[in-house]
Amino acid sequence: MPLLGYAGRILRVDLTRRVFKTEQLSEQLVKLYMGGNGFGVKILYDEISPGIDPLSVENKLVFATGPLCGTALPIAVKFGVFSKSPLTGILGESYSSGFFSEYLKRSGYDVLIVEGRSEKPVFLKIIDGDVELCDASGIWGLTCWDAEDAVRSDLGEKKLGVLTIGPAGENLVKFACITSDRYRQAGRCGLGAVMGAKKLKAIAVYGSGKIEVADPEGVLSVAREVVERSKSARIEHHRVYGTLGTLEIANDQSALPTRNWLYGFFDKAENVSAEFMLKNTLVRDVGCLERCPIRCGKYNVVRDGRFKGAAIVGPEYQSTYALGPNCFIDDFKAIIKANELCDKLGIDTISGGCTVAFAMECFERGILSEEDVGFKLRFGDSEALIKLLELIAYRRGIGNILAEGSKKASELLGAEALAVHVKGLECPGYDARMLKGTALQYAVSSRGACHLRARVQVPELTGVVDRLELKGKGKLVKDREDLFTVFDSLIVCKFALPIFEITDIAKAYRYATGYSLSEEEILKIGERIVNLERLFNIREGVSREWDTLPERIRTQPNQNTVTSEEELNIMLNEYYKLRGWDLETGKPTFEKLKELNLI
Amino acid sequence: MVTVYVEFRGEAKRRLGIDKLTVELPENASFIELLEELERKFGWSFKDEFVDESTGSLNSKVVVLVNKTPLRRDFRLLKLKNGDTVVLFPHTVCGG
Chain A
-17 MPLLGYAGRI LRVDLTRRVF KTEQLSEQLV KLYMGGNGFG VKILYDEISP GIDPLSVENK
43 LVFATGPLCG TALPIAVKFG VFSKSPLTGI LGESYSSGFF SEYLKRSGYD VLIVEGRSEK
103 PVFLKIIDGD VELCDASGIW GLTCWDAEDA VRSDLGEKKL GVLTIGPAGE NLVKFACITS
163 DRYRQAGRCG LGAVMGAKKL KAIAVYGSGK IEVADPEGVL SVAREVVERS KSARIEHHRV
223 YGTLGTLEIA NDQSALPTRN WLYGFFDKAE NVSAEFMLKN TLVRDVGCLE RCPIRCGKYN
283 VVRDGRFKGA AIVGPEYQST YALGPNCFID DFKAIIKANE LCDKLGIDTI SGGCTVAFAM
343 ECFERGILSE EDVGFKLRFG DSEALIKLLE LIAYRRGIGN ILAEGSKKAS ELLGAEALAV
403 HVKGLECPGY DARMLKGTAL QYAVSSRGAC HLRARVQVPE LTGVVDRLEL KGKGKLVKDR
463 EDLFTVFDSL IVCKFALPIF EITDIAKAYR YATGYSLSEE EILKIGERIV NLERLFNIRE
523 GVSREWDTLP ERIRTQPNQN TVTSEEELNI MLNEYYKLRG WDLETGKPTF EKLKELNLI
Chain B
4 MVTVYVEFRG EAKRRLGIDK LTVELPENAS FIELLEELER KFGWSFKDEF VDESTGSLNS
64 KVVVLVNKTP LRRDFRLLKL KNGDTVVLFP HTVCGG
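From first to last, the protein sequence lines are chains A and B. Throughout the first sequence, residue numbering follows my numbering, covering -17 to 581 in sequence. Throughout the second sequence, residue numbering follows my numbering, covering 4 to 99 in sequence.
Extracted from the complex, chain A is given alone in its bound form (with noise of 0.2 Å):
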C-alpha cells in the first residue's frame, strides 16, 4: 500500500563510498513524526552519536520535505536541513524555500541523507531518481550565485531545484548558510560549514514524477481557500511590507536590539525601515516559487550611491535589524549591500551581523585594535561591516576568530559579556527584556535563540498578551511550540498561520494522506517532536543550566528593564510544568516519554 502525500523514500547518499542506497520509508516514522521536522530529528537522533564533531565524516545532513510539500497547496514550498551544528554542538535545523522540496519528491524521494566525506569538492545531482555525483573542482571557491548559475548552465535544464554554499561553507564559517535558488536560504545553525567540511559544494534536483494524496480534490479545495484568504486584510500588510513591516512595531516599544544590544530603541529607524523601503528601492514583490500568494519577499535593488547595482530578494526584518541598527547603522542602501554580500559568501545574516556587532563593540572598548583588526571598526561604519563580512568568509585575519560565531569568539577574546547569544546563536531581533515570553523562547528553543519556534514575539508585540506578564508565557511558549513544530513538520510556511489554523491543517494532512487525526492528535506529534530534540540535545549535555539568557538581557537595563534570572526561572518552572520536563535537570520524565512513544 503506496503512503499518499509522501514519494515513499529515502534516499542515502555516502560521499566516502560514492554509494547510493534507497530505503522505504516506513509507516510508522511517517505516522509518529509527519515530516520535514520530525524525520530530520528523528533520523539524526538513530542514526549519529553522541559528542561527535559536527564537522568530522560521522556526521550526517538531512534534507527533508513533508507530506504538504509538492502538493496544490501553495504555502508548502519549504524544506527543512538538520544536522549537529557547527556553530552551537548541539541539535541544528534550518528552513527555506525553493524548488528543491517540490522536485526532491517528485523525483520520488522525500527526504535526502548525506553521510561521510568526499575527497574532492562534488556537486549532487538528482534527476528524476537518477542519482550523480559530479565534480565541483571547477567551481569551488565561486560564490553561491555564480556556483548555480554554473550548475545550471553545465546541466542545461532550466527548471531545477539548487542549493548551493559559498566561499563562507567551503572555509567552514560557523554560521556559513545554504543558499536555494539564489534567494533563499537555510540560514541558520552553520548548516553550510557542515556541507562544506563533506566538499559538497552544491545539490541539483528535478523531479517529473506526480506526488499521489489521499483526495486531490479536498486538497485543491483547501488550497483555493487559502488563496482566498491571502487577499483579506489579515495577510494584506504581509504583501505591502514585507518581513520588514515588523521594525518600527518592535522599535516603538523599544523592542528593537541596538548597538549590539545596548539599546532597544533605534532613533533613525525610519531610514532603515518598510516606508523607506517602499519609497526608494523596492522594484517588486515575490512570492515563493511565484505561487505563494502572501507574496512577502521584497525585489530591491540600489539605483544610486556606493552601493549602486546591489540586488536581492531582502532585506527581511531580521537581516536589517542585524546589519543595522544592531551595528548602528541607518543606511538602508548599505544594509542592501551588505546582505547581498552575505548571500553571495554564504553566511546567515543574522549571526553575521551580530557577529559584526559583537566585533564593533570590542573594538569601542578597546579590546580589538586598529592593528588587530586592520581598520577602525567602529559602530555605524557600513564600510567597516563589508570589509569585516568578507574577512570572515575567508577567514582572513581578526576574520579567522569571528567566524568561529560569537560565543567562541568571545571567549577566545575573553570578552564573553558582550556576545548575545544564547547555546551559541546569535539572538534574533526582538529584545527579549520587552519581551518577556520571547526571551523564554529563546532560552528553550531547541536550536538556541530562535523567534520562529514558537513567534511568541506577534502576541506579544500586538497586545493579544500582556509583553512583560511572567505569568502564562510557560503555557504560550509550549503551546506555539507544539504547533509550529506541526508546521515544520508538513512543511508548511509559518506567515501563512492567520489563513491556515489548526482546523485546516487537520484537513489538508487527511486529504494529503488519507490519515485522519484530530487536532489534539496533530500536536501531539508536534509535542512528541519538541521532546526529541530535548533528548537528542539532553544527550550532547544539555540541562536546565544551558536554558539561559545572555548576560547582556539579564543585567544591562533597556528602558529600566531586564529580563533577570529571577523571572526567566519562573517562567521557566511554568514551562518545564507543562512539558512534564524534570524541574532541576531539565529532563523529559519517564512519564511523559511513555506518554508520548519516546520509550
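Simulated from the structure, these hints should not be mistaken for laboratory data. You may find that some hints are simply not true.
Below are the DSBU-like pairs computed for lysine-lysine, each with C-alpha atoms no more than 35 Å apart in a straight line [as the list claims (entries may be wrong)]:
hint	chain 1	residue 1	chain 2	residue 2
1	A	Lys559	A	Lys457
2	A	Lys453	B	Lys50
3	B	Lys64	A	Lys506
4	A	Lys559	B	Lys71
5	A	Lys261	B	Lys44
6	A	Lys489	B	Lys64
7	A	Lys42	A	Lys457
8	B	Lys82	A	Lys181
9	A	Lys476	B	Lys71
10	B	Lys16	A	Lys290
11	B	Lys82	A	Lys250
12	B	Lys50	A	Lys261
13	B	Lys71	A	Lys453
14	B	Lys23	A	Lys250
15	B	Lys44	A	Lys250
16	A	Lys457	B	Lys84
17	B	Lys64	A	Lys213
18	B	Lys23	A	Lys141
19	B	Lys16	A	Lys213
20	A	Lys261	B	Lys23
21	A	Lys506	A	Lys140
22	A	Lys453	B	Lys44
23	A	Lys559	B	Lys64
24	B	Lys64	A	Lys192
25	A	Lys476	B	Lys64
26	A	Lys569	B	Lys50
27	A	Lys457	B	Lys82
28	A	Lys476	B	Lys16
29	A	Lys457	B	Lys50
30	B	Lys16	A	Lys250
31	B	Lys50	A	Lys290
32	B	Lys71	A	Lys261
33	B	Lys16	A	Lys261
34	A	Lys457	B	Lys23
35	A	Lys369	B	Lys44
Given the structure is predicted, the values throughout are model-derived calculations rather than measurements.
Starting from the known structure of chain A, arrange chain B on it as the hints suggest.
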C-alpha cells in the same frame, strides 16, 4: 480637556500626509472617542480600520501603542490621560 499626542505609521501616514498630531479630548475620553475625533478631522474611517465592529475589540490586523505599550485587544476600559502618546499602525507584525 486632555491633550493626547497621536503618531501615524504606515498606510495612515501615507494617506494623511502627516506623521504627528496633537488632539484635545474631553476628560476620561476613550480610545473610540479619539478615533471619532480623527475621523472628523480627516474624513478617514479610523473606526472601521481599527475596531472590529462585530466584537467591539481591536481589529486583529492593526497595532496600537499607548505610551509605547501595545493596546490590548479588549481595550474598552482604557481612558486616555493628559500627555498620553498614541501610535497607530494600520498593519500588524509581518513576521521575520
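Could you tell me which of the hints above the structure violates, numbers in ascending order? Failing hints, ascending: 8, 18, 21, 22, 24, 26, 31, 34 and 35.
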